[in-house]
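Peer 1: Fit chains B and C to the supplied structure of chain A, relying on the hints for placement.
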Amino acid sequence: MYLHADSTRCSGCRACQLACSLHLFGENNPKKSALAIIPHFPDPGTFEVRTCTQCGTCADVCPADAIHQNDRGAYTIDADACTGCLACQEACPEQVIFTRPELDAPFKCDACGDCIAVCGMDVLSLS
Amino acid sequence: MSVQLIPVGFIKPYFPAETVPVEVGEGKTTEQVLQELGVNGDLVAMVLINGRQAAKNEPLHDGDVVKLIPFVGGG
Amino acid sequence: MFGYGGRILRVDLSSGRTWAEPMPEELARDYLGGRGVGAYLLYREVPQGTEPLSPANRLYVSAGPLSGLLVPGAGKCDIACKSPLTGGYAGASVGGLLSAEMKCAGYDTIAIQGAAAKPVYLFIDDDRVELRDATPYWGQGSLTTEKALKQALGEEFQIATIGPAGEAGVSFACISHDFGRQAGRGGVGAVMGSKKLKAIAVRGSHAIPVADLARYRELARALYAACKASPGLEAWQRYGTAGVTTWANEIGAFPTRNFSSGYFEGHPGLSGETMRQAIVVTDKACFGCPSPCGKYSFSKKHGVHVEGPEYETTALIGGDCALGNIEDVAYANYLCDELGLDTISAGNAVAFAIECFERGIIGPQDSGGLTLRFGDPEVVFTLLRQIAGRQGLGATLARGVKHAAATWGKGAEAYAVQVKGMEMSGYESRNAPAMLLAYMTCDVGAHHNRAWAITYDIAVGRDAITPDKVARVIELQHIRPLFDTLGACRLQWVELSVDLGHYAPILEAITGVPRSWQDLLHISERIWNLTRLYWLREVPGFGRAWDAPPERMWREPVATGPTAGKQVARADAERLLDMYYQQRGWDSDGRPTAAKLAELGLDRL
Numbered sequence: 031m032y033l034h035a036d037s038t039r040c041s042g043c044r045a046c047q048l049a050c051s052l053h054l055f056g057e058n059n060p061k062k063s064a065l066a067i068i069p070h071f072p073d074p075g076t077f078e079v080r081t082c083t084q085c086g087t088c089a090d091v092c093p094a095d096a097i098h099q100n101d102r103g104a105y106t107i108d109a110d111a112c113t114g115c116l117a118c119q120e121a122c123p124e125q126v127i128f129t130r131p132e133l134d135a136p137f138k139c140d141a142c143g144d145c146i147a148v149c150g151m152d153v154l155s156l157s
Numbered sequence: 002m003s004v005q006l007i008p009v010g011f012i013k014p015y016f017p018a019e020t021v022p023v024e025v026g027e028g029k030t031t032e033q034v035l036q037e038l039g040v041n042g043d044l045v046a047m048v049l050i051n052g053r054q055a056a057k058n059e060p061l062h063d064g065d066v067v068k069l070i071p072f073v074g075g076g
Numbered sequence: 043m044f045g046y047g048g049r050i051l052r053v054d055l056s057s058g059r060t061w062a063e064p065m066p067e068e069l070a071r072d073y074l075g076g077r078g079v080g081a082y083l084l085y086r087e088v089p090q091g092t093e094p095l096s097p098a099n100r101l102y103v104s105a106g107p108l109s110g111l112l113v114p115g116a117g118k119c120d121i122a123c124k125s126p127l128t129g130g131y132a133g134a135s136v137g138g139l140l141s142a143e144m145k146c147a148g149y150d151t152i153a154i155q156g157a158a159a160k161p162v163y164l165f166i167d168d169d170r171v172e173l174r175d176a177t178p179y180w181g182q183g184s185l186t187t188e189k190a191l192k193q194a195l196g197e198e199f200q201i202a203t204i205g206p207a208g209e210a211g212v213s214f215a216c217i218s219h220d221f222g223r224q225a226g227r228g229g230v231g232a233v234m235g236s237k238k239l240k241a242i243a244v245r246g247s248h249a250i251p252v253a254d255l256a257r258y259r260e261l262a263r264a265l266y267a268a269c270k271a272s273p274g275l276e277a278w279q280r281y282g283t284a285g286v287t288t289w290a291n292e293i294g295a296f297p298t299r300n301f302s303s304g305y306f307e308g309h310p311g312l313s314g315e316t317m318r319q320a321i322v323v324t325d326k327a328c329f330g331c332p333s334p335c336g337k338y339s340f341s342k343k344h345g346v347h348v349e350g351p352e353y354e355t356t357a358l359i360g361g362d363c364a365l366g367n368i369e370d371v372a373y374a375n376y377l378c379d380e381l382g383l384d385t386i387s388a389g390n391a392v393a394f395a396i397e398c399f400e401r402g403i404i405g406p407q408d409s410g411g412l413t414l415r416f417g418d419p420e421v422v423f424t425l426l427r428q429i430a431g432r433q434g435l436g437a438t439l440a441r442g443v444k445h446a447a448a449t450w451g452k453g454a455e456a457y458a459v460q461v462k463g464m465e466m467s468g469y470e471s472r473n474a475p476a477m478l479l480a481y482m483t484c485d486v487g488a489h490h491n492r493a494w495a496i497t498y499d500i501a502v503g504r505d506a507i508t509p510d511k512v513a514r515v516i517e518l519q520h521i522r523p524l525f526d527t528l529g530a531c532r533l534q535w536v537e538l539s540v541d542l543g544h545y546a547p548i549l550e551a552i553t554g555v556p557r558s559w560q561d562l563l564h565i566s567e568r569i570w571n572l573t574r575l576y577w578l579r580e581v582p583g584f585g586r587a588w589d590a591p592p593e594r595m596w597r598e599p600v601a602t603g604p605t606a607g608k609q610v611a612r613a614d615a616e617r618l619l620d621m622y623y624q625q626r627g628w629d630s631d632g633r634p635t636a637a638k639l640a641e642l643g644l645d646r647l
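Residue numbers (our numbering), protein chains in the order written: chain A, 31 to 157; chain B, 2 to 76; chain C, 43 to 647.
I should point out that these hints are in silico values taken from the structure, not numbers from a laboratory. Keep in mind that the hints are not guaranteed to be accurate.
Partner residues aside, some chain B positions facing chain C, computed with beta carbon under 7 Å [said to hold, decoys possible]:
| no. | residue |
| --- | --- |
| 1 | Asp43 |
| 2 | Met47 |
| 3 | Leu49 |
| 4 | Arg53 |
| 5 | Lys57 |
Here a beta-carbon is modelled for each residue, glycine too, at the ideal position from N, C-alpha and C.
Excised from the complex, chain A in its bound form (with noise of 0.2 Å):
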């Protein structure tokens, strides 16, 4: 199970992005957030939308086997066994393995779906 995007209909608002880093983090913060949104404005005009399609690459290369699925089949980086090597990162091929200065380890969309909630144009659903 994973979150699907429909970039086409992405209105660039950032409320998944704000509902994200609130579920994950409980914090007010859409820069701290599981999925990237990347307008391409003025030409053309469009917002895309990346998501982790829980492919598993992370998982695959992580040196400390820090990575594993959750009851949702999503994976995701344990923050203590982590050695901070983003080995992850690099080999995401979404880049959607993110980093904070204040945080030791990477984190990642953990297919919770509360993005969906806010999101009024039905760009995502987790299936």
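Peer 2: Using the frame of chain A, we list chains B and C on its own:
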């Protein structure tokens, strides 16, 4: 022909039901239908015929679903 | 303070010094944020009699306590200053993502004073604040500059910029943001230009602190669910405000040929569906908004991208100049965005010039040989460029239609559709007296942002001149700008009928300060009276005469269309004002009484 009217928001009380099936002559307009129902057409700010905005004087066709949306507060 | 950025960033462009001070709790308590803080600081800090384009004027860019939070449309930013267009209060609102970014950088208000010797832009990256050389950008369009700054600094930066019109001091120059949003009205762009401030670039990486996280998340979820459940959502997402165009014509409220009529025969070429099919590329949202009204478009005819045209631009450049092709209106919109002109004032001014030409008040000797006529897109494009460059007729029009009418004389005043010096926006109101009263009494000039009452006029009878209509206008003048004060959008309530009852609880969950909706309305009434005091202080002789409707509204009936023959008699406009002042607790010249000021805590000012 028959069309279906779906009033939205504060104009709902002006209509007999949530969705109103109406039998009308072919080519009747939304404006005329509202007139016959005794509803002030000016209160209906947007008419959607099968999901697309239409002017009130456009002719209706059999099976059209007509959503009637008022504006509470403008821009 | 929970919910706030926590600081006011002070920028003195004359000395080049910047410093941050804590956001005062009393200011947040009594004025909340956004428009409230802007109006208060303007009143307190800008000396009486200040010339609007002098260094002593200040520009206040303010987020609100809801900005940047998980609230629909939480990207609203208020920009306040003394207006070069009217000489009174200017408070313009811009959407996009600016206010959200400011909050994450830890700022509620950016307060800009003085003037730089050479063009600069304000660079803000959390705590790092610099004034950087903007000489390479000076002279460039707003869209071009925003693109260049995003490329130079990174996509994460939110940019606000002026165009050549602001640099040149055009009285209705705007401030632009996010490739298509503007703080449009009152000449806020000219004030920024007079300070040689080309742009503001801000990035914020912090979280905004929230008092009751669990309750906030629960209330936010309910608010978004309410928006998504609205039966009008799909239509609103499809058309945005362009959905108003057809109706405005059906009810005879569409400004046409300089407000000579309320119906434009070419309106089908401007409709929401026509526009959708012809040019719309993306439904573009402001921060946190589930109901994007932005219609980002591409005109094949003219080869430009533009966000819009939204309703106002379609009304003042489409109907008012009689352009019936949405692609031509889109191009004019693009020109205004790139040049940095308020499309409402600019469209109104162009229409005014065309009518004056048709009536022989001005002639080819004034227009450089150009024949001005309605329905000619090239005339519109040419005049817009002239206005931005202050050339030809643009030299006079750049100061607004009130000034232009006084300059040209020969009865031109009868055709200047303005109140307090601000050009009227997109609703022809000769058969909508509550709406006309809204225009007469709006606190920035003839703008519909503070109150929009046409549906009320229609529902209770358009010809009625009654106290309930006045009460409705006053009620709206407290509710609508409250959103500009809180830093979030009102359109979910206005257009989707989302219940107002959502807002006080979520504000309390965010800030931790218990306040009812009535408490918030009381603050809004305070702000309303404060801006009135500002006009009274700044404009010599200000009073009842400044609330008068444009001459055309009472001198001439509507020419064509569903409201043909209608007008609002001068005596009826006076009756509306009498009732308005009485209901507001103001004297017969429109001055707040001592009792009213005491009730609102403004006697201590």
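Peer 1: For each hint, tell me whether it holds in the structure or not.
Peer 2: Cross-check of the supplied hints:
1. Asp43: holds, 5 Å
2. Met47: For Met47 (chain B), the interface hint holds, since the closest Cβ of chain C sits about 5 Å away, which is under 7 Å.
3. Leu49: holds, 6 Å
4. Arg53: holds, 6 Å
5. Lys57: With a closest approach of 6 Å, the Lys57 (chain B) hint holds.
Violation of the numbered hints given earlier is absent; every hint is satisfied by the structure.
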